[in-house]
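Enquirer: Residue numbers (this note's numbering), protein chains in the order written: chain C, 1 to 162; chain H, 1001 to 1794.
Derived from the structure by calculation, the hints contain no laboratory data. From the three backbone atoms N, C-alpha and C, an ideal C-beta is built for every residue, glycine too. Among these hints, one or two may not hold up.
[As the list claims (entries may be wrong)] Partner residues aside, some chain H positions facing chain C, computed with beta carbon under 8 Å:
1) Gly-1029
2) Phe-1728
3) Asp-1731
[Unchecked claim] Distance ranges between label pairs, derived from CB positions:
4) C:Lys-11 - H:Ser-1605: 49 to 57 Å
5) C:His-80 - H:Thr-1504: 27 to 35 Å
6) H:Asp-1610 - C:Asn-117: 55 to 63 Å
7) C:His-80 - H:Glu-1440: 26 to 34 Å
8) H:Asp-1655 - C:Gly-83: 45 to 53 Å
9) C:His-80 - H:Val-1609: 30 to 38 Å
10) C:Asn-86 - H:Glu-1448: 45 to 53 Å
11) H:Ala-1718 - C:His-80: 33 to 41 Å
12) H:Val-1776 - C:His-128: 29 to 37 Å
13) H:Asp-1610 - C:His-80: 38 to 46 Å
14) C:Gln-65 - H:Val-1776: 35 to 43 Å
15) H:Ser-1605 - C:Asn-86: 40 to 48 Å
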Amino acid sequence: MTKVTMTVNGKAVSAETEGRTLLVQFLREGAGLTGTHVGCDTSQCGACTVHVNGQAVKSCTIFAQDVAGAEVRTIEGMAHADGSLNPLQQAFNDCHGLQCGFCTPGMVMASAALLANNPRPTEAEIRHGLEGNICRCTGYHNIVKAVLQASGQTDTQGVAAE
Amino acid sequence: MPKDEIANKGGIGASTKRREDLRFLTGKGRYTDDINIRGQLYAHFIRSEVAHGRIISIDASAAEAMPGVAKVFTSADFAQAGSIPCGWQVTDRHGKAMLEPKHPILAEGKVRHVGDPIAVVVAETLDQARDAAEAVVIEIEELPAVMDMKAAVAGGDLVHEELGSNLCFDWGFVEENKAAVEEAFAKAAHVTTLELVNNRLVANPMEPRVAVGDFEEWTGQHTLYTTSQNPHVIRLLMGAFVLSIPEHKLRVVAPDVGGGFGSKIFHYAEEAFVTKAAHILKRPVKWTSTRSEAFVTDAHGRDHVTKIQLALDAQNNFTALRTDTYANMGAYLSTFAPSVPTWLHGTLMAGNYKTPLIYVNVKAVFTNTVPVDAYRGAGRPEATFQLERLVDQAARELGVSPFDLRRQNFIQPDQFPYQTPVAVVYDTGNYQATLDKLVEMADVAGFEARAAESKSRGKLRGFGLAHYIEACGIAPSNLVGQLGARAGLYESASVRVNATGSITVFTGSHSHGQGHETTFAQVVSDMIGIDASQIEIVHGDTSNTPMGMGTYGSRSLAVGGSAMVKATNKIINKAKKIAAHLMEASEADIELKDGVFTVAGTDKSKTWVDVTLAAYVPHNYPLENLEPGLEETAFYDPSNFTYPAGAYGCEVEVDPETGKVEVVAFSAADDFGNVVNPMIVEGQVHGGLAQGIGQALLEHCVYDENGQLLSGSYMDYAMPRADDFPMFQVDHSCATPCTHNPLGVKGCGEAGAIGSPPAVINAVLDALHRGGFTHVTHIDMPASPSRVWAAMQR
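Excised from the complex, chain H in its bound form (with noise of 0.2 Å):
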């Protein structure tokens, strides 16, 4: 169809403008903050300020006494409550489970990170909370922190006495090829090594967290009101294993959400704390983080450290890949934490290569630390930036262009579907075609034009290239159960048609910034041929969604899209039925297009209005053999992962007077099959993209050898701004569609994210061998003016 044809439907491919930015343009957006309930209390945690500690006392009987204090909380109010829960179990490679230590809502006897929570004041204002919280004594023996990993593993202090280690789990990928890839090694003509770190970031959605917990005594009803990404899946965890409220009586509403990245998946103690201090209290308790608080209570994300080593033939073929990873894990297993470095890392590293044989190892251990769980990309960014930096560094080695030693070790365009060492089957792709449209795109041609007019201008050009892959849509649950998974991982929908012809959609997936009232609109409107303004998507509030798991893992459109378009099918069906009778005719015979239905072969007709009132007033209907109304449901678990791919350019100047890194252009050139509307396909990678790139040059998340998180605010954490970056030229033609869900796409909320940072890392090592700095073989990220400049001398 031709480009403005599709714009003027609205249906899919077209750049419809989004309907939800009227509200937040306005200010009229309704996110979690903006909810006060009629007699509302404010709650103040009192949170750990050492790292590690036990708990000698607390008094709060001054702070009980001061004014509008309803009551202090501490652990004994919640003794009756459960663990918050780890939803993934991870079996490591002696057969054993892995470690899992109680995660109380409130600390019992010890306090384990800085921002483990002690006690909580709820007063009739914030102020009162907080000026009550200051007369709380609670005494601490502070005890040594354990902050390294490897000494963390080798003895020592233990964050969980009870687990006898640190040692959460050894995990190792795939076991049953660790002798073969030791003999590839042996045998290799060429082994590249290299030592890296995955620094810990901070997610710093714009929204800091917010709960709201409300009881209505007569209904024995709770509802939580959060900033979550899935409210049913707090539903699940929180209500099933922590408060023990049945799912009929627990009502979990998400509204606008002000952007998550990872950070609110997970399941946290303040939702349970407001929801279960509101039942004992019996009035609603409200709970606002400070951003100051975030950088304490929200999950962080990576912290992994890293050797990597790559066989290679004397034909520079990749034979092996083993490596050997520490990823922290914080001082609790957050919801989703032992999925990210095993399953969502282990099974990308064979990346866009047909390398056969990989070993890879995890072991993952507890620090005195925030706990750490899925940040954007959640372990493919980890595998992707090894695996990447691997490649330049091997190509560098031997003397080859990075270019071309990757597209000899690329899954070649007829391998797919393409069965990797590491367990996962790749359905579509074509590496070779997103490479040769990223050289056309950066103007790679021209690269060397471009670092001389820079070297007259005293800088360093460097060009750095990453070829990434990554898993989306995780799935099917009856494969992620075995891995470990405690839940499922399908999505589902509801599409009610109303009688008038207009379309509600339900569906679990939920928008925190994604634009899904727009896109999911105009699959539909595309799929029935009505406008799209006649369809409205309602999700976030597990009272009118029959079940959810969310958005995470670039899953939306691929897994809850897909359950929408299983749904919408059935309403097709059926209005096809009600056609068929008002228009006696054969139910084969009837066609739908552009909202008619119409008799092949004959000029009989009609219009969709015509049959959805037909259903609701069902005068002239198959009442014998077909039920009023339409409205569907259907529940859809994929049957594999997706997988976008993609070629990513970064051309930096550093200042080698300073070690200053500028990103002068950023190219990238995604497969993610299918895309619904291009223009917020665009947005996503934009802002994948900053978010990587800040991870390579900017955002650092510090502490101290005592556990002192020293990078706590926006003043120390250096979150990119708007004169980090260039102008991002970015593009999706090279598409294979996803063979396997019923849209074709695979997701693109991650990629940016994923590719970016090796190919910066990459580009700033390239300048500084062509500026003389040939012994510089690695620069940790980020890539900071004082990590150059030292890496420089020598």
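Bound conformation, chain C alone (with noise of 0.2 Å):
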């Protein structure tokens, strides 16, 4: 057992791994975050989603000691510091691009991360940039028009504005 730190949310978690342990196993077992889901073992599905540095990226794909010392933002990190939702989960809710939820963080921090790299997406582009997050409840209209909405597209194409 190897014991593992890096920085979740912006503060310090440190716990025990071993070498096989993944960073969604850290951070659900170990940080106690239960947000981010697994719903798949070959990482197809997405619902692990977090932000590494900065990156999205699946935490069932990676080591928990590969990543030591990073910065890790999960989906309890997402909301402000008052606990309100940000503009693209209150877009999410505003939408009801959420059913079930269980995809829904892994959804939220791809989709954070798709406006992160390109702020104003066409629809084509955030059907494109989710393609590695399964949603099997909305099939995905609601989420489309939660990312047009949270890039400020909301009177453009005349779908997010319905």
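Dock the two chains into a complex; use the hints.
Expert: Listed below in structure tokens is the structure:
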């Protein structure tokens, strides 16, 4: 067992790990942050997406020991300091961009990274950009609307504003 | 009421934003895998890697000596346990009960599908359990796998030797109509025939299944935390039939559930295992499914092979319909499996049409595959796909418009209530209206111009139409009992009004994404006139809700919501009595509006809180004829199914070079009756459409001839992704409210998955025919590029 420390949502977190301990296990079991979910075992579904040093990463695909010392942000670190939703989270709520909520943390983290790289994406760019995140409930329609709204495009393309 | 006013009030008809979102969007949802109980052990299941085989020996001695291992379980540890029960018994066309095999918690003597559990290692950590599992030595004599349904029925190897046959049942419906149907076919001016497959699917809710068992020795209390759509049903099935635990000693909790789509209705072996193992080991035991495990343990859906025929007279009126279907049951009978290809399928074969004579034959077959059970729509998508493909094919053979052929044969608006020849009575509907709406929404008039534009880019554009009917809120209990259901299908609700006027509603319905916490509160808010924020919806725990049959078959609002309305009406009636006493008026003169009680014709009034406070602080109260307190329970058993219906239009572009199909537009005109929260209803349709389009173009559960699952992960099973869809156009304005439930609602959860597959395939066929590939009469789902391309070559 090796003790690993990293910064999660601005706070130093340490836990004992094996070489095979995945980042998602470190977060869920070590840090007690159960907002990051595991939806598959082939790095396909994206429910475990978090930010590592600002990049969206599927946390089931990376060993905890490989990201020792990194800055990690999870869904628990996305809201404003006063607990209110950030504009992207608010857009998911406004647009009904979630149903069962299980893919939602990964979807929000992937969308946030998408918008950081491309602040005004087209509908096609959003759909392509979220291809690594599977949602079984929404048909993606309202997720795409939410990302459009979060990027300030509520009145374009006639979709987000309907 | 004007739209703005509805939205401000937050009652019925408002697109109220979901309250549950706040926890889900901040990582504070509480799913079953988020529950960890101090001292818990972890279970790892060792599963069959062959489809069919005899267990020769299991040697767990080395594994039991490994670090952290508490125990390795085999079937010998469950000798006293009952069979995992099937909840529905079908009687075949000769009056004989279906064949019903034993379904043990862990395999006894034989394994019958890849994934069948053989042994379980329980250890201090999951990694220790997995490591020890590799040291369990299991010897299995592999047997030939029973895979092809027609061959399985013809003879040969048996999935269950003790049953003597692989034919579970041979069902005929309506058996008395059989001769008349044959006669109608003999007299027909035209007969259209199709042979088609409804592809096997995996439900794939994004949250894999999880079960945590706990046992409290000093009270004898068992607790099971599980990913379930219906915790009370699990308590009933597991407690009464498998583990013999009485209800008062068994609590089943389903907290936030990450999607279900049917696959979390059923009682699974892992639930019984962790409950019993916790009892034996006197420590909590947790099992979390991997996705790979989910593919070989969660009940699959669909898997029908059908021949269907339509008889028409010289004026193109439908005169008779007959179908022959082989329905795959898999290796064991899952909870509702026998009902899916029978009562949830045969009763819908009339569709939206006045076909006078129908005969449906279904042969249900055991194979060495994962059990098959209800998946979003359950029987109704299978019925709709056959019928709507067939009607399109008939229109093509006759050279008439598929719109006109449908309109001509529709049950007309003035014919409701309508008795179909397949037992059910449709209460309301207006199929012409939904089709009119679709024609407008989908801009059918502009299609030719769009097709020409596609052609200029080398693409083949096609339009596909489908109309559907479904039966939701399966009921009533006395009828379904006659049809073979081994449970009632009512729902319960308790409404607890607290002293300061806030309300807690306990409902037997359960939400796994449908937003009940929001919509159910809207209904009660509307009835009483207090703000929805004062109303809390509680579900998912057998310890606080009287009884519940759960959420499936689009029944929650129609059945569970009706129970809640009934209980709320009892509350209002009692509250009026209290108000009458407080205002020294006659109860008959009391009115409740916007949370204020008034006496008709006077200026007297009492607020909601004045009355609720009096109920709990009864200083001035009619104690001689009214009990204090304000809490009521109601059970609601519907008198009929509800019958949502709608018209769906799909527009595709086919690339003739590759066979790739792209859905470029999809329109859905649904009749759901009254709608409580339009935003949520539209979201349900979007999700259903994605699953239906997924079935039509992408998803396919494939076994090889040895029973190995070839599509056992997201690397091989094509889950629909964001870039597989366009924006959907959905409408639910053509509403004909249900006549027999108090809200006039019909259910909206499954429609999208029912209506869309035939619309997509009809669109692909239309595109190919427009492109000159007129020899193609059908393409089985999924219409993958290789299948479409192969169909074009000849």
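Enquirer: Determine which of the earlier numbered hints do not hold for this structure and return their numbers in increasing order.
Expert: Checked against the structure, the hints that fail are numbers 3, 7 and 14, while the rest are satisfied.
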